[in-house]
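Please arrange chain R on chain S, whose structure you already have, making use of the hints.
Protein chains: 2
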Amino acid sequence: MPGHVVKSLEGLLGSDRLSFGAAIREQHGRDESYHADADGIFPPQVVILPRSTAEVSEIVKICSHARIPIIPSGACTSLEGHIAALRGGVALNMREMNKILEVNQEDMDVRVQAGVTRIHLNEYLRDTGLFFPIDPGADASIGGMLSTRASGTNAVRYGTMRDNALSLEAVMADGSIISTGSRARKSSTGYDLTRLLIGSEGTLGIITEATIKLHGQPEAISAAHLQSEFLTDSVNATICIIQSGIPVARIELLDEKTCAAVKAQSKLELEAKPTLFFEFHGESWNFLQASPHQLAGEICKDFGGSRFKWAGSAEERTTLWKARHQAYYSIIAQRPGCKGMPTDACVPISRLAECIEETEGDMVACGLAGSILGHVGDGNFHCILVLDPNNQDEIHAAHQFAERLARRAIRMGGTCRNVAALFDGEHGVGYGKLKFMEEEYGPAAIEVMRSIKKALDPLGILNPGKMGS
Amino acid sequence: MPGHVVKSLEGLLGSDRLSFGAAIREQHGRDESYHADADGIFPPQVVILPRSTAEVSEIVKICSHARIPIIPSGACTSLEGHIAALRGGVALNMREMNKILEVNQEDMDVRVQAGVTRIHLNEYLRDTGLFFPIDPGADASIGGMLSTRASGTNAVRYGTMRDNALSLEAVMADGSIISTGSRARKSSTGYDLTRLLIGSEGTLGIITEATIKLHGQPEAISAAHLQSEFLTDSVNATICIIQSGIPVARIELLDEKTCAAVKAQSKLELEAKPTLFFEFHGESWNFLQASPHQLAGEICKDFGGSRFKWAGSAEERTTLWKARHQAYYSIIAQRPGCKGMPTDACVPISRLAECIEETEGDMVACGLAGSILGHVGDGNFHCILVLDPNNQDEIHAAHQFAERLARRAIRMGGTCRNVAALFDGEHGVGYGKLKFMEEEYGPAAIEVMRSIKKALDPLGILNPGKMGS
Numbered sequence: 001m002p003g004h005v006v007k008s009l010e011g012l013l014g015s016d017r018l019s020f021g022a023a024i025r026e027q028h029g030r031d032e033s034y035h036a037d038a039d040g041i042f043p044p045q046v047v048i049l050p051r052s053t054a055e056v057s058e059i060v061k062i063c064s065h066a067r068i069p070i071i072p073s074g075a076c077t078s079l080e081g082h083i084a085a086l087r088g089g090v091a092l093n094m095r096e097m098n099k100i101l102e103v104n105q106e107d108m109d110v111r112v113q114a115g116v117t118r119i120h121l122n123e124y125l126r127d128t129g130l131f132f133p134i135d136p137g138a139d140a141s142i143g144g145m146l147s148t149r150a151s152g153t154n155a156v157r158y159g160t161m162r163d164n165a166l167s168l169e170a171v172m173a174d175g176s177i178i179s180t181g182s183r184a185r186k187s188s189t190g191y192d193l194t195r196l197l198i199g200s201e202g203t204l205g206i207i208t209e210a211t212i213k214l215h216g217q218p219e220a221i222s223a224a225h226l227q228s229e230f231l232t233d234s235v236n237a238t239i240c241i242i243q244s245g246i247p248v249a250r251i252e253l254l255d256e257k258t259c260a261a262v263k264a265q266s267k268l269e270l271e272a273k274p275t276l277f278f279e280f281h282g283e284s285w286n287f288l289q290a291s292p293h294q295l296a297g298e299i300c301k302d303f304g305g306s307r308f309k310w311a312g313s314a315e316e317r318t319t320l321w322k323a324r325h326q327a328y329y330s331i332i333a334q335r336p337g338c339k340g341m342p343t344d345a346c347v348p349i350s351r352l353a354e355c356i357e358e359t360e361g362d363m364v365a366c367g368l369a370g371s372i373l374g375h376v377g378d379g380n381f382h383c384i385l386v387l388d389p390n391n392q393d394e395i396h397a398a399h400q401f402a403e404r405l406a407r408r409a410i411r412m413g414g415t416c417r418n419v420a421a422l423f424d425g426e427h428g429v430g431y432g433k434l435k436f437m438e439e440e441y442g443p444a445a446i447e448v449m450r451s452i453k454k455a456l457d458p459l460g461i462l463n464p465g466k467m468g469s
Numbered sequence: 001m002p003g004h005v006v007k008s009l010e011g012l013l014g015s016d017r018l019s020f021g022a023a024i025r026e027q028h029g030r031d032e033s034y035h036a037d038a039d040g041i042f043p044p045q046v047v048i049l050p051r052s053t054a055e056v057s058e059i060v061k062i063c064s065h066a067r068i069p070i071i072p073s074g075a076c077t078s079l080e081g082h083i084a085a086l087r088g089g090v091a092l093n094m095r096e097m098n099k100i101l102e103v104n105q106e107d108m109d110v111r112v113q114a115g116v117t118r119i120h121l122n123e124y125l126r127d128t129g130l131f132f133p134i135d136p137g138a139d140a141s142i143g144g145m146l147s148t149r150a151s152g153t154n155a156v157r158y159g160t161m162r163d164n165a166l167s168l169e170a171v172m173a174d175g176s177i178i179s180t181g182s183r184a185r186k187s188s189t190g191y192d193l194t195r196l197l198i199g200s201e202g203t204l205g206i207i208t209e210a211t212i213k214l215h216g217q218p219e220a221i222s223a224a225h226l227q228s229e230f231l232t233d234s235v236n237a238t239i240c241i242i243q244s245g246i247p248v249a250r251i252e253l254l255d256e257k258t259c260a261a262v263k264a265q266s267k268l269e270l271e272a273k274p275t276l277f278f279e280f281h282g283e284s285w286n287f288l289q290a291s292p293h294q295l296a297g298e299i300c301k302d303f304g305g306s307r308f309k310w311a312g313s314a315e316e317r318t319t320l321w322k323a324r325h326q327a328y329y330s331i332i333a334q335r336p337g338c339k340g341m342p343t344d345a346c347v348p349i350s351r352l353a354e355c356i357e358e359t360e361g362d363m364v365a366c367g368l369a370g371s372i373l374g375h376v377g378d379g380n381f382h383c384i385l386v387l388d389p390n391n392q393d394e395i396h397a398a399h400q401f402a403e404r405l406a407r408r409a410i411r412m413g414g415t416c417r418n419v420a421a422l423f424d425g426e427h428g429v430g431y432g433k434l435k436f437m438e439e440e441y442g443p444a445a446i447e448v449m450r451s452i453k454k455a456l457d458p459l460g461i462l463n464p465g466k467m468g469s
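First to last, the sequence lines map onto chains S and R.
Quick note on numbering: full-length UniProt numbering labels position 257 of the first sequence as 257, and the sequence is numbered without any gaps.
Quick note on numbering: full-length UniProt numbering labels position 373 of the second sequence as 373, and the sequence is numbered without any gaps.
Bound-form chain S, shown alone (with noise of 0.2 Å):
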């Protein structure tokens, strides 16, 4: 990095606010996946945190004047190598700007920098009665979730960061700041500009605040699992519980592998067979006689589901739901020294059954290690392939896996964000990606998308060499 803009950047911040310690770097280069070692680490040169969103503006038009890429971050829970910084340059860490604004209790709304954490969100939130219910796993940050379109295990009710943001704050690429929208919860005028920096992965603008609905915290709440022969069963359950209109809040499937992975570093009883974690979201008045869990239990004995077990207590619900969101971690524990490398699949729920068993079949017959698990009631699915960074016959076995369950995915009318075909070993970074954005979308939609890159960052500062660019 040129010294006349350290000696710019010091200028504005002062000196000690530069982090170039190689630890807080490459910290800043990896993220939880197996990336890191299998294709080599991406440090940036400095990381800054920034404490305003004039600050924030006044580094990226420093940035844009030397042409220094700028790669923003939030709480560093990514599984997907967002934050590598491919072509160096500055890492933008908001952590520091984490002030929850404004709570509009009757609006059911909330005004928060970026680097407010969910958890630390519905702390602050607990005794309002409401809540912020996008929980991705991770301890996220808000702008992390908004640049990644994080969903999780409740989307199924609650929707994903896409239908919970009602407007954003964002510095874009010449250091303007902008505001997609009001509070208000329906707008009719201008491009939605919220939605297109939601997904945009920090390419098109930096999101520093955000406006998000907050939710009635459920009066009740229960919980289930429920195991059973063949997946398909699940999934047919699945459908036919959510066409019933039963107020499900999480619909989580776990393979026969999976399952074993989460009985060994549980104390759940499980078999390992296919299983499905519920939970239910309602007011106490939808539970005055026939209670969702019951209805739920009914439809699942049609589809031959014979362990409907009703997790009662809130003690029990917790067990369930941390073992749920500890499940990556116990798969890759199955295979000590190993690395994950995460898929992201999402299909017609119509499909979602083939799908899965043929993503199976075909780990079976490459001799892969893995489980999947997913968020059944939006068609969503992880295959958690478990890899030794060492073996570069399995790592290559584990691209041509990846490409084939994107490929499978895209002709079964769904979408596959392929982490392995990111990071190409053979093609480099970024290539394989955009194979697939294209055979997804075609090559005139991605056209478009880089017509509004170039627009909106014509210098290409902003976290150079991701989505396609």
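Calculated from the structure, these hints are not laboratory results.
Here the structure is a predicted model, which means the values were calculated and not measured.
Virtual Cβ for every residue (Gly too), placed ideally from N, Cα, C.
Careful, some of the hints might be misleading.
As a list, the in silico DSS-like pairs of lysine-lysine whose alpha-carbon atoms are at most 30 Å apart [said to hold, decoys possible]:
no.	chain 1	residue 1	chain 2	residue 2
1	R	K435	S	K213
2	S	K267	S	K322
3	S	K322	S	K257
4	R	K213	S	K435
5	R	K213	R	K322
6	S	K61	R	K454
7	R	K186	S	K435
8	R	K186	S	K454
9	R	K186	S	K263
10	S	K435	R	K61
11	S	K309	S	K322
12	S	K273	S	K301
13	S	K435	R	K454
14	R	K454	S	K454
15	R	K267	R	K339
16	S	K273	R	K186
17	S	K322	S	K99
18	R	K435	S	K61
19	S	K61	S	K7
20	R	K186	S	K301
21	S	K257	S	K339
22	S	K257	S	K309
23	R	K99	R	K213
24	R	K257	R	K186
25	S	K454	R	K435
26	S	K435	S	K454
27	R	K186	S	K213
28	R	K273	R	K309
29	R	K61	S	K454
Some but not every residue of chain S turned toward chain R, in silico, with C-beta under 10 Å [claimed, not checked]:
no.	residue
30	C76
31	N104
32	S187
33	G216
34	I242
35	G282
36	G377
37	D378
38	C416
39	P443
40	K454
Just chain R now, with coordinates in the frame of chain S:
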């Protein structure tokens, strides 16, 4: 329009498919509101009804080459001048692209051509147990509803068009055909082109097909209306009902004058008082002991609502909602020979009562005739002025009033689509709207919108003069 363009279009479609008649052209230059007479109509030079996406693409290529504007339209039920051909050109009416292409019952989605209307779609779906809930009143086309980000009476339960689209097919300004996504319920790859096109009023691309979410037909529906002495009480009762989680599908607020107008045109037994219309959708198991309308009724009593009347039969419900859907025309009928000028404001619900009361006071103070009604669950309301199109003083006062309303909504953290300003007689078409978009979003966000428009439609041929362009 240059002769060679007409020749090219005739070569593509056959000469009988280009309509040059004054009547059909004028029909495509006006809409159902007051603009036509107050500010002149803006007819296109030719009207074409394409039959396929391929035809739309070829037409756009011809027009792009010759830099001829293209104004897409659907059922032409807009009240807000969306389809006026401000700079002449080709009106592309999508009503012949009315095929329902694919119903996926298990996945609860449907793929349709843009010209399919919502009533046609719901008649087609009747036996499937599914329905498409978005209901803006008129029998609008799906493409038109997407382009204007329509919402309507039951958005409080089912969301707006933004929330109910899975993917779009669109023809871009260069004639290229894009698909914005898959049928997957969630996607975490790529920019959200679906949401960018929704609400863009045909200025970024022409929507030709859409895959949209369906919902289960509610097993049980109940309706009610409540009359109060004070509008504030109605709004506060609404806030409380929503926070309590009662499954409200619609809550519509009618002010005193709207109520009087509706009473005059329907068989409803109403007094001229602030009134709420309710509809509750639920599964039968919700209705086992305490029904939603009973619970809502009790809440209303706490807020001084004395006349909570339940519409028990399907017939009573129909009368109630028909009256609401006709309210716009009932209001205009109060002043024969006059035209309606609607506005569309949305504020945080905590500011709704205040905003409506200030607006009513303003209307009285400046001697304008009009009424207010709204989708109160979302903080969204319409103030419908009823104007004598030949009285220039009145038109002028209405413009001033509408400007104050827009500023009031923005000041209260909301948004206002201000139709008077869109056709601002003093400053020219488009100017006024841009002014308010700048006040709402700020100049930096408007600049981002302009960059996107310029990147995707560099020649400015798609519905020019709208969206502040």
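Hints and how they fare:
As the CA atoms of K435 of chain R and K213 of chain S are separated by approximately 28 Å, the hinted pair is consistent with the 30 Å bound. At roughly 10 Å between alpha-carbon atoms, K267 of chain S and K322 of chain S fall within 30 Å of each other, so this suggested pair holds. Distance restraint check for K322 of chain S and K257 of chain S: the Cα-Cα separation of roughly 18 Å lies within the 30 Å cut-off, and the hinted pair is therefore satisfied. Only pairs whose Cα atoms come within 30 Å are accepted, and K213 of chain R paired with K435 of chain S is accepted, the gap being roughly 28 Å.
For the hint linking K213 of chain R to K322 of chain R, the alpha-carbon distance of about 25 Å falls within 30 Å, and the restraint holds. Taking the CA atoms of K61 of chain S and K454 of chain R, the gap is about 23 Å. The hint holds against a cut of 30 Å. Restraint check: the Cα-Cα separation between K186 of chain R and K435 of chain S comes to about 20 Å, which is no more than 30 Å; the hinted pair holds. Restraint check for K186 of chain R and K454 of chain S: satisfied, since their Cα atoms lie roughly 26 Å apart, inside the 30 Å limit.
The suggested pairing of K186 of chain R with K263 of chain S holds, with an alpha-carbon distance near 29 Å, which does not exceed 30 Å. For the given pair, K435 of chain S sits about 28 Å from K61 of chain R by alpha-carbon distance, which is consistent with the 30 Å threshold. Under the criterion of a C-alpha separation no larger than 30 Å, the hint pairing K309 of chain S with K322 of chain S is consistent with the structure, at around 17 Å. Of the supplied pair hints, the one linking K273 of chain S and K301 of chain S holds, its CA atoms being roughly 16 Å apart against a limit of 30 Å.
A C-alpha spacing of about 27 Å is found between K435 of chain S and K454 of chain R, which places the hinted pair at or below 30 Å, so the restraint holds. Only pairs whose Cα atoms come within 30 Å are accepted, and K454 of chain R paired with K454 of chain S is accepted, the gap being roughly 11 Å. This hinted pair checks out: K267 of chain R and K339 of chain R have alpha carbons roughly 24 Å apart, not beyond 30 Å. Using a Cα cut-off of 30 Å, the hinted pair K273 of chain S and K186 of chain R holds, with the two alpha carbons roughly 27 Å apart.
Straight-line distance between C-alpha atoms of K322 of chain S and K99 of chain S comes to about 27 Å, which keeps the hinted pair within the 30 Å bound. Distance restraint check for K435 of chain R and K61 of chain S: the Cα-Cα separation of roughly 28 Å lies within the 30 Å cut-off, and the hinted pair is therefore satisfied. Distance hint between K61 of chain S and K7 of chain S is fulfilled; the C-alpha atoms sit about 14 Å from each other, no more than 30 Å. Between K186 of chain R and K301 of chain S, the direct Cα distance comes to roughly 29 Å. Compliance with the 30 Å bound is thereby established for this hinted pair.
At roughly 17 Å between alpha-carbon atoms, K257 of chain S and K339 of chain S fall within 30 Å of each other, so this suggested pair holds. Restraint check for K257 of chain S and K309 of chain S: satisfied, since their Cα atoms lie roughly 20 Å apart, inside the 30 Å limit. A threshold of 30 Å between alpha carbons decides the hint, and for K99 of chain R with K213 of chain R the separation of about 17 Å falls inside it, so the pair holds. In summary, the hint linking K257 of chain R to K186 of chain R is not supported, as the alpha carbons are separated by about 44 Å, beyond the 30 Å threshold.
Simply put, K454 of chain S and K435 of chain R have alpha-carbon atoms about 27 Å apart, close enough for the 30 Å limit, and the pair holds. In summary, the hint linking K435 of chain S to K454 of chain S is supported, as the alpha carbons are separated by about 19 Å, within the 30 Å threshold. About 19 Å separates the Cα atoms of K186 of chain R and K213 of chain S, which keeps this hinted pair within 30 Å; it holds. For the hint pairing K273 of chain R with K309 of chain R, the CA-to-CA distance comes to about 14 Å; that is within 30 Å, so the pair holds.
About 23 Å separates the Cα atoms of K61 of chain R and K454 of chain S, which keeps this hinted pair within 30 Å; it holds. Of the supplied interface hints, the one on C76 of chain S is violated, with its beta-carbon coming no nearer than about 18 Å to a beta-carbon of chain R, more than 10 Å. Hint on N104 of chain S holds. Least Cβ distance to chain R is approximately 6 Å, under the 10 Å limit. Of the supplied interface hints, the one on S187 of chain S holds, with its beta-carbon coming within about 5 Å of a beta-carbon of chain R, less than 10 Å.
Restraint check, G216 of chain S versus chain R: the minimum CB separation of about 6 Å is within 10 Å; hint holds. With its C-beta approaching chain R no nearer than about 8 Å, I242 of chain S sits inside the 10 Å limit, and its interface hint holds. Because the beta carbon of G282 of chain S sits about 8 Å from the nearest beta carbon in chain R, less than 10 Å, this interface hint is met. Taking 10 Å as the C-beta contact cut-off toward chain R, the hint placing G377 of chain S at the interface holds, the least distance being around 8 Å.
Because the beta carbon of D378 of chain S sits about 4 Å from the nearest beta carbon in chain R, less than 10 Å, this interface hint is met. Residue-level restraint check for C416 of chain S holds (minimum Cβ-Cβ distance to chain R is 8 Å; threshold 10 Å). A cut of 10 Å between beta carbons decides the hint on P443 of chain S: the least distance to chain R is about 9 Å, and the hint holds. For K454 of chain S, the shortest C-beta to C-beta distance to chain R is roughly 7 Å, which falls under 10 Å, so the interface hint holds.
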